[in-house]
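S.K.: Guided by the hints, dock chain B onto chain A, whose structure is given.
Protein chains: 2
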Amino acid sequence: MKKSFGPQTLIFPTPVWCVGSYDKEGKPNIMTIAWGGICCSTPPCLTISLRKTRYTYENILERGAYTVSVPPEKYAAEADYFGIVSGRDENKFQKTGLTPTRSKLVDAPYVEEFHMVLECKLLHHYEIGIHTQFIGEIMDVKVDESVLDEDGKPAILLVSPLVYETKSHFYHGIGGQIGKAFDIGRKFG
Amino acid sequence: MKKSFGPQTLIFPTPVWCVGSYDKEGKPNIMTIAWGGICCSTPPCLTISLRKTRYTYENILERGAYTVSVPPEKYAAEADYFGIVSGRDENKFQKTGLTPTRSKLVDAPYVEEFHMVLECKLLHHYEIGIHTQFIGEIMDVKVDESVLDEDGKPAILLVSPLVYETKSHFYHGIGGQIGKAFDIGRKFG
Numbered sequence: 048m049k050k051s052f053g054p055q056t057l058i059f060p061t062p063v064w065c066v067g068s069y070d071k072e073g074k075p076n077i078m079t080i081a082w083g084g085i086c087c088s089t090p091p092c093l094t095i096s097l098r099k100t101r102y103t104y105e106n107i108l109e110r111g112a113y114t115v116s117v118p119p120e121k122y123a124a125e126a127d128y129f130g131i132v133s134g135r136d137e138n139k140f141q142k143t144g145l146t147p148t149r150s151k152l153v154d155a156p157y158v159e160e161f162h163m164v165l166e167c168k169l170l171h172h173y174e175i176g177i178h179t180q181f182i183g184e185i186m187d188v189k190v191d192e193s194v195l196d197e198d199g200k201p202a203i204l205l206v207s208p209l210v211y212e213t214k215s216h217f218y219h220g221i222g223g224q225i226g227k228a229f230d231i232g233r234k235f236g
Numbered sequence: 048m049k050k051s052f053g054p055q056t057l058i059f060p061t062p063v064w065c066v067g068s069y070d071k072e073g074k075p076n077i078m079t080i081a082w083g084g085i086c087c088s089t090p091p092c093l094t095i096s097l098r099k100t101r102y103t104y105e106n107i108l109e110r111g112a113y114t115v116s117v118p119p120e121k122y123a124a125e126a127d128y129f130g131i132v133s134g135r136d137e138n139k140f141q142k143t144g145l146t147p148t149r150s151k152l153v154d155a156p157y158v159e160e161f162h163m164v165l166e167c168k169l170l171h172h173y174e175i176g177i178h179t180q181f182i183g184e185i186m187d188v189k190v191d192e193s194v195l196d197e198d199g200k201p202a203i204l205l206v207s208p209l210v211y212e213t214k215s216h217f218y219h220g221i222g223g224q225i226g227k228a229f230d231i232g233r234k235f236g
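Chains A and B are the protein sequences, given in the same order. If you read the first sequence in the working numbering, its first letter stands for residue 48, the second for the next number, and so on. If you read the second sequence in the working numbering, its first letter stands for residue 48, the second for the next number, and so on.
Here chain A stands alone, though its shape is the one from the complex:
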């Protein structure tokens, strides 16, 4: 029996991603979001949604760029902090001791200590209700060599990204392998 929860932003899984940007004075900022996803394969694009009131909103429009750094489990508290406090009030990199590395490809900083980072150039932005959706072309994906598998591919259990449990407001890790994609379904013909 299904219970109706009404119109709301309730779905699993949603990501926990940290968006890096520079403000007018060149101060690096970082904020955490759960609203976003890949939106195109060619060109490779990642979308994130922000409210206009966010400090990062103006930064992205002015610089035409943002990064997404994927926080690993060990930095869950830092990622949470990045979503609680505004960059208007604090230098969140200084407060947490994490390192803002300037991207060589786009005008935005990423979190050096996080295993996986994406550097995005702003292509479009659309107003959708109270959120603005930014579409960024992924110019590069950088991954720490320490979290690659034996085939040289990023291993999700080593990258150890977080999943956000909407409604209950918990962060979760990634569980074990369930099966191979484009393979386990072939039994249905």
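Since the hints were made in silico from the structure, they are not lab data.
Chain copies aren't distinguished; within one or between two, either way the pair holds.
Pairs of lysine to aspartate or glutamate residues, derived as EDC-like cross-links and limited to a Cα-Cα distance of at most 16 Å, are as follows:
hint	residue 1	residue 2
1	Lys99	Asp70
2	Lys50	Asp196
3	Lys214	Glu197
M.R.: Coordinates of chain B only, in the frame set by chain A:
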């Protein structure tokens, strides 16, 4: 040391969601995607990206609606099959024995057996390279009572959604709780 992977759609986590639609003749179809996410809180909206060649593409434009059913771990093979075969060639519900339930709110079917389903009314669509991004307003979220926690909230470990490991092409489950959101970061002040 970070290794550069170049411009590509590589990020963790990405979801595994099954998109339900009706074709011109009223045949229910279902396909699996990993490109999508929440894109607005008010109105609550979910975005999914599809190639124009997909059978579901025309269905959504004609009916102005789609659903997203979240496949639980136990139906990983079915969800995989939904992403391998086209609805042009097969009735994927019949092949897997899963039940297409007609939404009472939008003109699209969802998967009865999956624990969490969202019913979306098409608001916009944007061309972004080879993918078209559909923006759907979430009209309702329905969740099986069997996967609610003691507070009546959907429990992610019971809903048991899948995470897609891009590049390696594996499905993963959800891991244990890492911490409380808007809480564990407060120690940074």
